[in-house]
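Protein chains: 2
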Amino acid sequence: MFKDSKMRTILKTISWRFTATLTTMMIVYIFTGQIETAIEVGLLEMVAKLLFYYFHERAWDKLRFGKVEVPPLVLWITGIPRSGKTTLGDMIYKELQKNKLKMQRLDSHDVRPLFPETGFTRDEVNNHIKRVGHLASMMEKNGIITIASFVSPFAESRDFVRKNCKNYVEVYLKTTADEVRVGHHYELYDKAEKGLIKDVAGMDVKYETSPDTEIVIETGNKSLEQAKDDIVRFIRKNHLKDL
Amino acid sequence: MFKDSKMRTILKTISWRFTATLTTMMIVYIFTGQIETAIEVGLLEMVAKLLFYYFHERAWDKLRFGKVEVPPLVLWITGIPRSGKTTLGDMIYKELQKNKLKMQRLDSHDVRPLFPETGFTRDEVNNHIKRVGHLASMMEKNGIITIASFVSPFAESRDFVRKNCKNYVEVYLKTTADEVRVGHHYELYDKAEKGLIKDVAGMDVKYETSPDTEIVIETGNKSLEQAKDDIVRFIRKNHLKDL
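As they're listed, the protein sequences go chains B and C. So in my numbering, spot 58 of the first sequence is number 58, and the numbers just go up one at a time. So in my numbering, spot 1 of the second sequence is number 1, and the numbers just go up one at a time.
Hints listed in this document are in silico derivations from the structure and should not be mistaken for laboratory results. The C-beta atom is built at its ideal place from N, Cα and C for all residues, glycine as well. Don't take every hint at face value.
Chain B side only, calculated, beta carbon under 10 Å to chain C, not exhaustive [what the hints assert, rightly or not]:
(1) T37
(2) F52
(3) K67
(4) F115
In the DSS-like style, the derived pairs of lysine-lysine whose C-alpha atoms are separated by at most 30 Å in a straight line are [stated by the list, open to error]:
(5) C:K94 - C:K194
(6) C:K141 - B:K94
(7) B:K100 - C:K98
One chain only, chain B, in its complex shape (with noise of 0.2 Å):
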């Protein structure tokens, strides 16, 4: 919860005090015609009036009435491996960070203590993804903005998100193994490849798109960049347009 502090209170006793004295000062010459009386009044005014002003602030800063939360949302990035998911959710941070709102990211390192190693079959990852879910929309209910990025590949444990959290949208960077791999070496696809491991999304696991995600992406025709400004418009638009 936020309070004023007693700095803000008197800066914005002050501000009005201009506006408001000024305003007096020319009513009261209008009526009267002189000069003199009209800056008297003015001067008593804004002895009496800073003071008064200060005190009337202080006390609704205690009320609660009216002050309205400005509704929350999770933001949950999925894609195979390498698709860009992190730095996406990194940048959009960044930028919504300029709003002063109250945000929590969400990435494998952030909920590593907090779920430690889960394996990768089908069931391990809707595990995983389910868990992680409900710690989303826990930050939800407490008026956090959550920004995920998991690979997520599952469409049964992304809805099951979705229908966990009130305000959901969810980013697909939509793209191949063989497109990220183009001029890199990712030692888990190189080792996919060579059947060292099994389960990686974008080899043998076949990522599932679901019909209702918000916002698709396809990384081969969009820079992570343009990709950053259509979604923090997305959602300046459809859920932070009181700002």
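We have chain B; now place chain C onto it with these hints.
Coordinates of chain C only, in the frame set by chain B:
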């Protein structure tokens, strides 16, 4: 984040105008001695300043300067099974809700979807408590008052939580298995007595006290209602004094 609703601004505008225009009229009367001029100035001032004040308020609501956060805390209630932790935690939660603060309750049933059943060995319990501590500190970083209630019999993991949180208050419900069993049959204790289960705090597992514990409640000498009052008073005095 909270923003002022238009209705709040309108009511605040009116409440200020009442004080302010009366002041102006008195000042004008003092200087001119004319009740008519005082009323005319007051009327014109009222119309002009209702408008100006409204927009002045809306503009300041966009400014974040001087909006200071009420610092959150983690209240950690510990004690052997059936000592009253959950009940006390719920009572404190309910009492502090009156302050309209952001709060998260963490009890075993709240974290079950996040941390599937863990075991009861020393290591497993310590790991579980550390994970809950990570979660509590994540909540605290986001400005949420967190009220956690867990047996947490080992000083090591409680101290870990303490180190991970900025404002940490530990409440120990001091009692013995024999005391809580007076007039009750708790399956957990009965089974432990018969040697059917192990690792029960208060029976074969000794509860480890800490020298740092902020509040120790001897449940034999104090009702939970009195304990709640003491703890809420402690929190209001030491952590929520600006409210």
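Each hint, compared with the structure:
1. T37: 5 Å, holds
2. F52: 6 Å, holds
3. K67: 4 Å, holds
4. F115: 8 Å, holds
5. C:K94 - C:K194: 38 Å, violated
6. C:K141 - B:K94: 17 Å, holds
7. B:K100 - C:K98: Status holds; Cα separation ~26 Å.
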